[in-house]
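These protein sequence lines are chains A and B, in that order.
For the first sequence, the positions run 1 to 256 when the numbering used here is used.
For the second sequence, the positions run 257 to 785 when the numbering used here is used.
Errors might be hidden in some of the hints.
[Said to hold, decoys possible] When the alpha-carbon atoms are kept at most 20 Å apart in a straight line, the in silico SDA-like pairs for lysine to any residue are as follows:
id: 1; chain 1: A; residue 1: LYS15; chain 2: B; residue 2: GLU774
id: 2; chain 1: A; residue 1: LYS15; chain 2: B; residue 2: ARG274
id: 3; chain 1: A; residue 1: LYS15; chain 2: B; residue 2: SER275
[As the list claims (entries may be wrong)] Listed next, the stretches of chain B that the computed footprint assigns to chain A, with coverage defined by at least 3 CB atoms under 8 Å from CB atoms of chain A:
id: 4; region: 400-412
id: 5; region: 553-559
id: 6; region: 675-682
No lab work stands behind these hints: they were computed from the structure.
Where is the CB? At the ideal position from N, CA and C, for every residue including glycine.
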Amino acid sequence: MTDPPAVALRGLHKKFGTTYAVQGIDLDVPVGSFFGLVGPNGAGKTTTLSMTTGLLRPDYGTAFINGFDVWADPVRAKSIIGVLPDGLRLFERLTGRELLLYGGLLRSMPPAVVGQRADELIHVLGLDDAAGSLVVDYSHGMRKKIGLAAALLHGPRVVFLDEPFEGVDPVSARTIKAVLESFVTGGGTVVFSSHVMELVENLCDRLAVVDSGKIVATGTIDEVRGGRRLEDVFADLVGAEDTSTEGLAWLRSSSG
Amino acid sequence: MAAVFVRLKLRLLLSGLRSSRSRLAFFVIGVLFGLGAALGGFAAVAAAGSAQDDRIVTLLFALLTFGWLVLPVFALGVDELLDPSRLALFPLTGRQLTRGLLASSAVGVPPLATLLALSGAFLGFAHTPVAALFVGAGVVAQLLMCLLLSRAVTTALSGLLRSRRGRDVTAVILALVGGSAGLAGPIFSAVALDLDSPAGRTLFAAARYSPLGSAGNAVAAAGSGRYGTAALQLCLSAAYIGGAFFWWQRGLQTALTTVEQTSRKRVAERGADLRPRWARRLLPNTAIGAIAAKDLRYMWRDPMRRTALLATSGPMSVTLVSVFASGNGNPHTVLFAMVTATMFSIIALNQFGLDGAAYWMNVVAGNDPRRDLVGKNLAVAVVAMPATGVVAVVSAAITGGWVYVPLALLGGLAGCGAALGVANVVSVRAPAPQPENITNAWGGRGGGQSMAAGLTQLAALLLVAVVLAPLGAFIWFSAQNWTPGLFVAAPLSVAYGALIWQVGLRSSVRWLWWRQAELLQAIRPQQAA
């Protein structure tokens, strides 16, 4: 029997009020892949990731991590995932280091191991100077990095990152990329959402394009791209029209 | 400009009510409650007109305004549906912004109920058309004073809470205000019986010339035809209103343009511990210990929790002081120390709401909700029990009732256990999202939500009281009439507290086990908008 995929989504549905955020998503993410979930704003990427990581209950459908059902067997499924959610609400009144200790101890790891890994992650991510300050004082990029550290601390097999590079400076982005690449090289699986096509083309080996709560294309980068630029394929898939700025005459005149 | 603010507030209120049926239901309850209170106030103010005593209406107005001053801080918060920070980028002068916010703050159940209650003055005092004019001006001035004071004071206190230096100052101020609030009722009722006593005269003079009662006194003067006095009182009132307006405006500007001073550079000690140094012996170095340690750190570092703790401890210390003062050195009063633990435990009523959206960390870690609850309870107990000990020892030193200290502590344990048992159930079944408001730590809510949160808390407090009543009655009866009963009461308290805690814990763990995702959705601050 073949190993189960790292992530398997089956018939995920979610409705908020009268709006369907996600309407029937099925997806397999093979073990060891660097997987991009792309789509325009409001396509349902965040909702999908939240349902996959046990943070938002689907109306129908479920998600499997390495074959464990997130909603029926949450303890086992959650023990092998790391998450960097959208909005990045952290316990801001802890210092960066305290936040990592908290996350590790929550997962019942031995305190000594937690402390050692926290120090290593802090060092690799370049947070040595900030580790003793409250997270509330962190810049956006620092928050992403400490969030990433918290997601990796327990040595997960699959990490889910919602817009990990959004609002991050190029230097920090490079650090984050390096950490994630070494994670995948070691056999881990990364699933991340983004709407920056260039990034997805560079980093990912597979992707899925989400639009209006459905998957409109999935496969390896080359399969989806079909020899064109990913950005053009993406625009075709989500039905973007030529943008015209004719009506904005007042914006172009300096007197306004 | 003010009209735009009012329309915006109405729009926000209506769409909030449309979004949830329960919110609408609580809003209707709030309206009914407000209407009842307003009619009662209306009758009282109108009746003061026929009392042949000017002083009564002045004191009634002052008492009402005093309520607006202290209730937001200790119980209700202010209705900041229109969050000033969202308006900061519009090209508005500070004055326009403040004026608009003032106008919008008049939209809501409490202001309208206050207006209705104050309007009783037309019936009681507007005997001539000229008097009616003065009464009208007095009523409007008093309402403005209520609105401005509640806003200006909470904004100023929030400013203090944000600055490191101000934290301790705030604690003292809150304790003092809480103290006066606790004592105001008894003093008022004692003095109202005899307004000619020296205390009565002082109180009246204070009310008359202070922002609390100056407009009320204008109404009284107009009622007895002393229009000159009425005009002077109104001028005084106008000056106070201007002052409060300016104070609020300045507080708002400061809040919108300064950043919270959170931390001095903390030392990044390698191998440092999540647990505060003093609590390392008390807390295990496990998941439960980490959850407790995080909550303990938050009690000190998070303005919201600090506010909640202060709001509890301020009035509580006053109540205790007055109990001990009126006990005339009776050693039995040491037993009252056990109430301290219960009061402190009340902070747990919304323990998950205080965590807010960051609670995802616990959910995604697949953490057993039992550990969440036990850890959080532990943090409360670690603070509440030493506080109880201090109160017991101090009161024993005053009254000499050392023999009652152990029982006070064991009873405190029972009070802590029972309150936490109830709080665990309430905090998972009826969590309230905490609004995020940078200008006002007491801001947010409104439109049915404050009513929902308030009623939930009130019901929970009643439940705690009911649960603890038999034990309290037994201890009190034994202390008064049958001393051997105290030896039974000691182990009984512990067993009883433990039992209630266990029952509450089990029930909430069973509920929460499959509903962590739902709880997380319910406590996101967006829900409070």
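Each hint tested on the structure:
For the given pair, LYS15 (chain A) sits about 15 Å from GLU774 (chain B) by alpha-carbon distance, which is consistent with the 20 Å threshold. As the CA atoms of LYS15 (chain A) and ARG274 (chain B) are separated by approximately 18 Å, the hinted pair is consistent with the 20 Å bound. Taken as a hint, the LYS15 (chain A) and SER275 (chain B) pair is honoured in the structure, with Cα atoms around 15 Å apart against an allowance of 20 Å. Given a C-beta distance limit of less than 8 Å, the hint that chain A covers the region 400-412 of chain B is violated, as 0 residues qualify and 3 are needed.
Given a C-beta distance limit of less than 8 Å, the hint that chain A covers the region 553-559 of chain B holds, as 4 residues qualify and 3 suffice. Closer than 8 Å: that is the beta-carbon criterion, and the region 675-682 of chain B has 0 residues meeting it against chain A, so the requirement of 3 is violated.
The structure fails hints 4, 6 (numbered hints given earlier, in ascending order).
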